[in-house]
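K.L.:
Make the full structure from the sequences, and use the hints.
These protein sequence lines are chains A and B, in that order. The first sequence runs 1 to 652 under the working numbering. The second sequence runs 1001 to 1304 under the working numbering.
Think of the hints as simulated: they come from the structure by calculation, not from any bench. It is possible that some hints are incorrect.
[As the list claims (entries may be wrong)] DSSO-like cross-link-like pairs, simulated, lysine-lysine; straight-line CA separation at most 30 Å:
hint, chain 1, residue 1, chain 2, residue 2
1, A, K542, A, K375
2, A, K375, A, K541
3, A, K541, B, K1056
4, A, K375, B, K1033
5, B, K1046, B, K1024
6, B, K1026, A, K542
7, B, K1056, A, K560
8, A, K625, A, K160
9, B, K1049, B, K1033
10, A, K542, A, K596
11, B, K1063, A, K541
12, A, K373, A, K542
13, B, K1056, A, K373
14, A, K103, A, K375
15, A, K375, B, K1056
16, B, K1056, A, K372
17, A, K458, B, K1049
18, A, K542, B, K1046
19, B, K1063, A, K373
20, A, K26, A, K458
21, A, K541, B, K1050
22, A, K541, A, K373
23, B, K1063, B, K1050
24, B, K1026, B, K1050
25, A, K372, B, K1050
26, B, K1033, A, K542
27, A, K542, B, K1063
28, B, K1024, B, K1050
29, A, K372, B, K1063
30, B, K1032, B, K1046
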Amino acid sequence: MSQFFISILIILSGGILSLVLARQAKSARIVSVFLISFGCLWGLIDITSTLIHSISDERTFEYLNIFSLSFKMDGLSAFFLFAVFGVCLLSSIYSFHYMAHEKKPVRVAIHYFFFSILISSMALVITASNILTFMLSWEAMSLSSFFLVIYNHEASENRKAGYLYFVFSHVGAMFILAAFAMMYAHTGNLAFGSMTQVPETVKILIFLFSFIGFGSKAGVFPFHVWLPFAHPAAPSHISAVMSGVMIKTGIYGMIRIYMLLDLHTPLPGMVMIIAGAVSGILGVVYALGQHDLKRLLAYSSVENIGIILMGLGIGMMGVSSNNTAMAILGFTGGFFHILNHSIFKSLLFMGAGMVLHQTGTRSIDALGGLLKKMKITGVTVIIGSLAISGLPPLNGFAGEFLIYLGGFKGVAPDTPAFIMAILAIISLAVIGGLALACFTKVVGVVFQGEPRTRAAEKATENGAFMLFSMSVLAALCVLIGIFPGFIIQLPLKAVASLGLGFETALFEPVMNITGNLSFGAMVLFLVFFLVILIQAFFYNKKTITASGTWGCGFTQPTVKMQYTGSSYASFIMDFFRPVAPLSEDHPAIEGRFPLKTHYKSHISDIAGLHMNQVVVDPILFLFDKLRWIQHGDIHLYIGYILLAIVLLLFFI
Amino acid sequence: MIESILLFILAILTAPFFSGIILKVKAFFGGKKGPPILIQYYTLIKLMKKGSVYSKSTTFMFKLGPVISLGAALTVLLFLPIAGHVPVFSFHGDVIFILYVLGLGRFFTIAAAMDTASPFEGMGAAREAYFPIICEAAFFMILILFYRLTGELSLSSYFSGPNPFLLWNIAGAPLLFVVFSFFIILLTENSRVPVDDPATHLELTMIHEVMVLDHSGPDFGLIELGSFCKLFFYSTLISRLILPFDLNISLTFVLYFMGLAVVSMAVGVTESVMARYRMDRVPQFVLTSFALAFFATIITLEFI
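P.N.:
Right under this line is the structure:
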């Protein structure tokens, strides 16, 4: 594990050096990008060898002689670390040109400092092996990402986003702490160890508490409310890291707790599948309704977290019903989707960042026609969109395919998982269709057609480092999609380390499945190639003319007449009206020659809406009444502390 | 294998014929003589001889649209047991794969439509993105039923050889539901009345036709061939279910093509006696297919 700590130190040194060199904008950026990427690369290489050789290792450091910080590396940790280091490596390379035009050098330096802390704390969360280490790293992760979210704190909406994120991550942490407290109360041991002496009901309670706590980090509906605000506020490479890997630490937490609890009731699986289906469907519905490109991607993360939860839930159902094949397929599919989602979601956020960089707007309906001038961005985003819609032959499909197969295993006669399996399969099918609608909207409205505004017309693409990161990710989407057999080893190692008692021989069928997927991809490419040949044959020596688009008889079309993203989505949104209420602002047109009018629409998120009414407003009301406690007199505050300690003494 | 490939080529060659049957049946109900039954072949030949006009708004995605949509349809046929014979390729889970391949085709058709910057094509694309979602859910519901009955997850295990007959033996009543469900899916996925009207004259009311307005010449020919293949695929599923008999080779072959003709005629009759639904009513109609498949699955819970 010493290699792992070296990589963390390199990353942190990058952050600290950027503070030291803060005044020299360019050198600070070069040094910190280089060190952070180098550290990530170092970590990535180390993790790869750890995974391949299935090494597990432990390290403990005494801190102040009171408690120990201990870290443990096993297959599960290594799997998540692989995604963390991989995505952070490319994001930090991307940031080199993304941050090049920032005016305030000190702020950029501080951003790199927190970026390095975010990466290292994520890595430490994943390797933490006792409660204290975990909570410390978890808080460091939440706080550093909070500072990154409020990077542009001049805009009030970004401050609001940061505040919301802060509240959610801390309420979440409170739930996690409560779950840990219950664990400690029954085991008397701070380490993540055996929990055999914990009664079954307490185990379930621990699971539910940690599900809520980790779910609020992962963005599970209805705890996802912070996500659509925080992701658009942060710089794009930070969004890529947050959405690509940081929210997955929530998933990691759930799995780690599940593993420790060793539960054999169907309840965890049911909770995961139901929460997954709801997050998945509502996430993609809200994504479809958004006008802001990065907010759309944020909601799509909620959707993908849903898919991951369903995969893992199928795995848990398989464990509880002793259906080994179902368990392996579900877990492997879920883990595989974690990896895939971190690839295509960071790619899409980077693409959105490039669009934002060039046009200065995130509004989907203000863009258009970008594919002509932003070729690499356009093509990589199209690849990412195909992958996230779960279409073959890209990586998104490979993961979902495994989850489907796991779900079907649960459908077979005499399994108790029947209803849950049906729910998961049908939800996956619906999510697939809706995601296709959502991402054809992104591709069709943002990148195709004619530019709707001047800003979109003038856009070009530059920044070799940005394009490099995006191209690598897009290439990975395609390669993993065609040859899932190589990369599937990583999720399989993670599943093997879950300690569910599966024989390694049972992993053989999964390899057959990936073989079939490669075969299917080959067939697809072959057929496409043949059809391209046919097309070329029929166009040989033909006259090809260019002309305007056929306007169905209308001869004066303007770019404003194009179908907008909102109108593209409205048809589907009508169907989901009960869960996605639409508010419109459109004054009636008056007079014979109306001069000016406007139209505004907004799709509300019912979780946000109800959370305001049910939770936030009453709490604000209550605390408003208690405001007199906060009077600003420090002596009385010390008095409060004394009083609290005295009161606590009664309970000991 | 060689027979399967021959059947695959035969399927592509005969696919336009069944579209001709639909037109003939509609003409019969309209009291007209109608176009010759081989009309679609003439159209294809005519299109292939022409050149093309491309809109200045379009990019490479526009040219890729026809390729991928036809390629997807052809790939699907490769996994389809034609005339009850084993398909060219088959693997566990190929049904899921081909459903997603059809989705891939849809993605590129929509992208090609959005490429033209035409408001009409955008409108068609929005509809095309919507209805198949429900169809997919219904199809997966049917798969769940089939999986319960057979424990397999490939088209050939449901539709090749004696397998459809075995399905009827295990669960006859639910299968009736499935046939109707498949028929609704066929109407929706192939843009037929009452979901979409391929013969309408107003762009505002179209779904599929309006999306391919700007395609011309061989490109449009490829799209047309793709949609014939898609119709052939869905017709095959129904044909094998309504005439599940597995007799000697030639008789099965004849029965199979009779089944396809029956399905085409049923489509023609439906188109003649029904009007297209109002756009906002269509989802309810398509949801019926999901409900039917769901009921079929619920019924089997009793039998097993």
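K.L.:
The structure should be examined with respect to each hint, and the outcome stated for every one.
P.N.:
Consistency of the hints with the structure:
Restraint check: the Cα-Cα separation between K542 (chain A) and K375 (chain A) comes to about 27 Å, which is no more than 30 Å; the hinted pair holds. With a C-alpha separation of about 28 Å, the suggested pairing of K375 (chain A) with K541 (chain A) holds against the 30 Å cut-off. With a CA separation close to 20 Å, the supplied pair K541 (chain A) and K1056 (chain B) stays within the 30 Å bound. For the suggested pair K375 (chain A) and K1033 (chain B), the alpha carbons sit about 52 Å apart, so the restraint of at most 30 Å is broken.
Proximity of K1046 (chain B) to K1024 (chain B) is assessed by CA-CA distance (about 20 Å); at most 30 Å being required, the pair is judged to hold. With a C-alpha separation of about 36 Å, the suggested pairing of K1026 (chain B) with K542 (chain A) is violated against the 30 Å cut-off. Under the criterion of a C-alpha separation no larger than 30 Å, the hint pairing K1056 (chain B) with K560 (chain A) is consistent with the structure, at around 17 Å. Simply put, K625 (chain A) and K160 (chain A) have alpha-carbon atoms about 23 Å apart, close enough for the 30 Å limit, and the pair holds.
This hinted pair checks out: K1049 (chain B) and K1033 (chain B) have alpha carbons roughly 27 Å apart, not beyond 30 Å. Note on K542 (chain A) and K596 (chain A): the hinted pairing is violated, with a Cα-Cα distance of about 49 Å set against a maximum of 30 Å. As the CA atoms of K1063 (chain B) and K541 (chain A) are separated by approximately 17 Å, the hinted pair is consistent with the 30 Å bound. Taking the CA atoms of K373 (chain A) and K542 (chain A), the gap is about 28 Å. The hint holds against a cut of 30 Å.
Only pairs whose Cα atoms come within 30 Å are accepted, and K1056 (chain B) paired with K373 (chain A) is accepted, the gap being roughly 14 Å. Taking the CA atoms of K103 (chain A) and K375 (chain A), the gap is about 28 Å. The hint holds against a cut of 30 Å. A threshold of 30 Å between alpha carbons decides the hint, and for K375 (chain A) with K1056 (chain B) the separation of about 17 Å falls inside it, so the pair holds. In summary, the hint linking K1056 (chain B) to K372 (chain A) is supported, as the alpha carbons are separated by about 11 Å, within the 30 Å threshold.
Under the criterion of a C-alpha separation no larger than 30 Å, the hint pairing K458 (chain A) with K1049 (chain B) is inconsistent with the structure, at around 39 Å. Our distance criterion of 30 Å between C-alpha atoms is met by K542 (chain A) and K1046 (chain B), whose separation comes to about 14 Å. Of the pairs offered as hints, the one joining K1063 (chain B) and K373 (chain A) holds, with about 18 Å between alpha carbons and a cut-off of 30 Å not exceeded. Straight-line distance between C-alpha atoms of K26 (chain A) and K458 (chain A) comes to about 27 Å, which keeps the hinted pair within the 30 Å bound.
Of the supplied pair hints, the one linking K541 (chain A) and K1050 (chain B) holds, its CA atoms being roughly 11 Å apart against a limit of 30 Å. Between K541 (chain A) and K373 (chain A), the direct Cα distance comes to roughly 29 Å. Compliance with the 30 Å bound is thereby established for this hinted pair. Proximity of K1063 (chain B) to K1050 (chain B) is assessed by CA-CA distance (about 16 Å); at most 30 Å being required, the pair is judged to hold. For the hint pairing K1026 (chain B) with K1050 (chain B), the CA-to-CA distance comes to about 29 Å; that is within 30 Å, so the pair holds.
At most 30 Å may separate the alpha-carbon atoms for a hinted pair to count; K372 (chain A) and K1050 (chain B) meet this at roughly 27 Å. The hinted pair formed by K1033 (chain B) and K542 (chain A) fails the criterion: a straight-line CA distance of about 35 Å is larger than 30 Å. With a CA separation close to 15 Å, the supplied pair K542 (chain A) and K1063 (chain B) stays within the 30 Å bound. Proposed proximity of K1024 (chain B) and K1050 (chain B) is supported: the alpha carbons are some 26 Å apart, at most 30 Å.
Of the supplied pair hints, the one linking K372 (chain A) and K1063 (chain B) holds, its CA atoms being roughly 14 Å apart against a limit of 30 Å. Between K1032 (chain B) and K1046 (chain B) the CA atoms are separated by roughly 24 Å; this keeps the pair inside 30 Å, and the hint holds.
In this structure, the hints that do not hold are numbers 4, 6, 10, 17 and 26, in rising order.
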